[in-house]
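J.: As a plain string of letters, each chain reads:
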Amino acid sequence: MTDTVEQIQASHGKGMTGRLRFVLFSGVRKKRENHVVHPFRVIVEREIGDQIRSWRFIILILIIALTTLGSLYTALTNISEAIKPDDPAGSFIFLKLFTISDGTLPSFIVFISFLGPLLGIGLGFDAVNSEHNNGTLSRLLAQPIHRDYIINAKFVGYLTVISEMFFALGFLVMGIGIIATGIAPSPEEFLRIVLFLLLSIIYVAFWLNMSIWFSVRFRQPATAALTGISVWIFFTVFYPLIVSLIMKGISNPAWVSNPSYQILLEKLKLGLMRFAPNVLFSEATGTLLMPTVRSLGPLTMEQIAGTVPGPLPLGQSVLLIWPHVTALISGTVLFFVLAYVPFMRREIRSR
Amino acid sequence: MSCSKKFVKRFIISLIGFALLNASVSAQGVTLYTPYTKIAVPPGETINYTIDVINHGNARKNVDIRVSAMPQGWTYDLKSGGWNVKQLSLLPGGKKTLSLKVNVPYKVKKGTFRFKVIAGSQVLPLYVEVSRQGTYKTDFTCKQTNMEGTSKSGFTFSTELKNLTGEKQRYALQSAAPRGWSVIFKPNYKQATSVEIEPNQKVNMTIEVKPPHSVQAGTYKIPVRVVTNNSSAALTLEVVITGNYDMELTTPTGLLSTKITAGDERKVELLVRNTGSAKLDNIQFLSTKPVNWEVTFDPKTVDELGPGQTAEVYATIKAYKKAVAGDYVAKIRARTPEVSSSVTFRITVKTPMLMGWLGIFIILVALGSVWYLFRKFGRR
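Chains as they are written, first to last, in numbering that gives the first Met the number 0: chain A, 0 to 350; chain B, 0 to 379.
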């Protein structure tokens, strides 16, 4: 973090020596020879640099890249079986690359919904507390910058890394898919994939902000990391069990034969399940990448009567998952606020 | 004296003549016999006479046979034993049968005609009474000139064309059918525009008539003619088209899909077309639709629609408020007791944007709170 401090000094023109200038990226220096770089930008660039050089990030990206390639391989070997005649989604072959699997390895979207939280937690759990513990935070704050630049820059920097990574992975899958299958995605398929990548970024940002909040809340990075991971495991493993326990407890066997009671129970179960962000994410990605999905709740025969199986237009798919997207974005913002307020109010002393 | 001498002389001559005459009858002794010496026939008839030639004498006789005074235009054939005979030789007491075939022409006047069969000195006069005025023309007939069917049937008339003229004729086959009708002549089972017939020969000809596609119910006359340069014959065929009922339901553009936001309604213009040949009364409109959808029609019924006419109907389709987004099928049917027609609409249901705006509002509130925090805490 000392580098960051020096850069800020450099960018403000105070003590602008050749040695300090050298710290700046050469590309940035060339572009901004006669221009004062905004300090926020410098912090963001520094955060990005710190992250992509860290072992933690390299390990995480390796895990995700390997699983991605694995799922892509299974998708490519099974795509010929996945294409059926008279399939209403027959025109969306390319999207199947992201969704199909033969059972040995999960599909791409399952991997993303599983490993995305790990990435978010892994990037953010020591964002604030490690700087605090190392004493760099007080040095940073001694510079003439606004205090919220630090936490904002951390969030923006991590999000940039995640976005670039996801877009790189998504386009890698698309590119390999085009080479392997010889099928180019249609504009709608491309848009759906891009929206899926944006959704994945929002989803990881949700966990990232939660993790940053823990890093503000807990002094020890280990505590923050464990808390984040336990929340993640709670939602992926225990929460479904708890929900099914609740459902078992409240369901009345006398009324089970009543269809409207069953629908009510099913809706209640779905409503409870949707408190889990991973459920929201998997429902939303499923709808985006499988255009034939029409509804995310239970459907009665009454509603199905007279329907023609066919893909939904992109706008309708987005409208269907819009509540999910809203919930994820709101959760992301909420955790950011939760992290932001205590960070701003905290008294930071140098050790 | 001279007077008496003259008388005697005359008497002797006449006596000798009488004796001679007697001698010739007895000497020749040949009789021609046929039972039908006067018959009545229509023009164009062929008469077959059987004439017996009998030798009453005691000697063998050779007699010349001929027919004389045959009216003009009449032809005959005199045969015996398969041969055209000119002379017969008869044994004493022998009898020979001649057959005489006389063709009465068509072009003949009414009246009695006479001709003779002469055998040696024997003359057999024969009389033929032509019962009516003969013609010199073509005979074109059809036993059943009236047929009934629907607009989709074909009508096949069997006709007979006779050349009653004395010469070979080449007939051009013509029809003056109303517009749109197809008339095909098939003499000898082959489609043709002309036919050649020998005199006194006939040809069986079928005439195939097809009504136009959009023919209205009614009786139609189809005049057909056979024409040569000097003769013609005409026939009027009659086709009765019974009304058929047919109806088509469609939209003006042919587009059978539409989009509806759930809970909204959409007006669809429909066209009912009477493609049959009979009037349609009281056309009703029905719909098969997804549950809780509503389809209303304006007007509810079409009271009357003539053949070929088109009526506009507006169907208002109202999607169920809670319909799930996606494609639906609604079937709209126009119905009369006689016939019905239906169209299937593919309706794409969209969900209302209300929830979307609510979501955007929530996100804006969240981002607004962050902005408020920036303002409150950030710049100090």
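Some clues are possibly wrong.
Below, in silico cross-link-like pairs of lysine-lysine (BS3-like), each with a Cα-Cα straight-line distance of 30 Å or less [as the list claims (entries may be wrong)]:
| # | chain 1 | residue 1 | chain 2 | residue 2 |
| --- | --- | --- | --- | --- |
| 1 | B | Lys161 | A | Lys266 |
| 2 | B | Lys349 | A | Lys83 |
| 3 | A | Lys266 | A | Lys247 |
| 4 | A | Lys268 | B | Lys115 |
| 5 | A | Lys266 | B | Lys320 |
The following residues of chain B were derived to be distant from chain A, with all beta-carbon distances above 10 Å [as the list claims (entries may be wrong)]:
| # | residue |
| --- | --- |
| 6 | Pro42 |
| 7 | Leu254 |
| 8 | Leu366 |
Because the hints were derived from the structure by calculation, they are not lab data.
From a predicted model like this one, the values you see are computed outputs, not experimental measurements.
All C-beta atoms, glycine included, are put in the ideal place defined by N, C-alpha and C.
J.: Now look at each hint and say whether the structure bears it out.
T.: Going through the hints against the structure:
no.: 1; hint: Lys161/B with Lys266/A; result: violated (91 Å)
no.: 2; hint: Lys349/B with Lys83/A; result: holds (27 Å)
no.: 3; hint: Lys266/A with Lys247/A; result: holds (14 Å)
no.: 4; hint: Lys268/A with Lys115/B; result: violated (125 Å)
no.: 5; hint: Lys266/A with Lys320/B; result: holds (19 Å)
no.: 6; hint: Pro42; result: holds (79 Å)
no.: 7; hint: Leu254; result: holds (16 Å)
no.: 8; hint: Leu366; result: violated (6 Å)
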